[in-house]
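Visitor: Could you put together the complete structure from these sequences and hints?
Chains as they are written, first to last, in my numbering: chain A, 36 to 136; chain B, -10 to 170.
Note that these hints are calculated values from the structure, not bench results.
Hints are supplied without guarantee of correctness; some may be wrong.
In silico DSSO-like links for lysine-lysine, alpha-carbon gap of 27 Å or less [said to hold, decoys possible]:
1. K16/B x K121/A
2. K124/A x K16/B
3. K121/A x K162/B
4. K124/A x K162/B
If you want the footprint, here are the derived chain B segments under chain A, 3+ residues with CB under 8 Å [stated by the list, open to error]:
5. 4 to 10
6. 19 to 33
7. 44 to 50
8. 89 to 100
9. 129 to 140
Beta carbons are placed, not taken as given, at the ideal position from N, Cα and C, and that holds for glycine.
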Amino acid sequence: MNWSDWVFLVSPFLFCTGVFLVITRRNAVMALLGIELILNAANLNFVLFSNRETGIPHGQMAALFVIVIAAAEVAVALAIILNVYKRFKTVNIDDIDTLKN
Amino acid sequence: MLDLIEIAHIVFAGITLLGGLALAFTKNIIYASFLLFAVLFGIAGLYVFYGAEFLAMSQIIVYVGGILVILLFGVMLTHKLRDLKPKTEIVNLIPGLILSTGLFSIFVVFVGEIDFSQSLAKDKLDLGKAVEHVGNNAERIGVGNLTEYLLLFELASVLLLVVLIGAAYLTRKPKGEEATS
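Guide: Printed below as a string of structure tokens:
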């Protein structure tokens, strides 16, 4: 392994951090932060391996659409979290365990 | 040998990694949101080094300007500010640590196995060259958006419209029901 290969370890690190956040937090907003980290790790790899010399940079296009999806996802997830907070008065994921009534 | 570009690259990667590490262990949600800001900013800096200036700008505009503000709104609307305790406890610490460090060591082994010098990414590690070659990144992305990715582009716009309407619908007040608090 070449020492300059540390470039490829940044996005795995971010991915693992995101997984750790999703596992170890009970707060829904914190879990959402973890999901954002995971999406950004994937984005970083897409950009790192995209072609940058000529033609359409397909990796960067994929990353661009991931950004769009992430923005949409955060908006809807926060709307759902606000609704859950209005109904249950908490955003603790473990406390929200009723489907109806 | 480290030249200026490489040093800047390492600085941005360090911001990203340290921010991620601190984010993993902070308990305050407000701090976590601002640490996420640091991580996203570092990633935007890294994008510049990987020849994606347009993406770096959209990362800053969309994530830092949009998503982070929405997240802060979410934090402040779901925690009573009079308590002033936007904290979460850390649960499942041992399983989480085992899973994430195990996953990361698997990634390290995989990256060690692959010989990147033979692959597509060879000249990408030569960062000075990569920065020199890129001049019309936004133009190439624009051409891609309107030719090969036109359908996806239009679908993304429809998706954003649907999300706009859906989020407004989800958070509306039901008819005839007054606010309880």
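Visitor: All hints, please: hold or fail.
Guide: Now for the hints, and whether the structure bears them out:
1. K16/B x K121/A: Between K16/B and K121/A the Cα gap is close to 23 Å, so the pair holds against 27 Å.
2. K124/A x K16/B: Judged against 27 Å, a Cα distance of about 20 Å means the pair holds.
3. K121/A x K162/B: Given that 27 Å is the threshold and the Cα spacing comes to 11 Å, the pair holds.
4. K124/A x K162/B: Holds, at about 16 Å.
5. 4 to 10: Satisfied; 4 residues make the cut.
6. 19 to 33: holds (count 6)
7. 44 to 50: Since 3 is at least three, the answer is holds.
8. 89 to 100: holds (count 7)
9. 129 to 140: With 8 residues closer than 8 Å to chain A, the region 129 to 140 of chain B meets the three-residue bar; holds.
Checked against the numbered hints listed earlier, the structure breaks none of them; every hint is satisfied.
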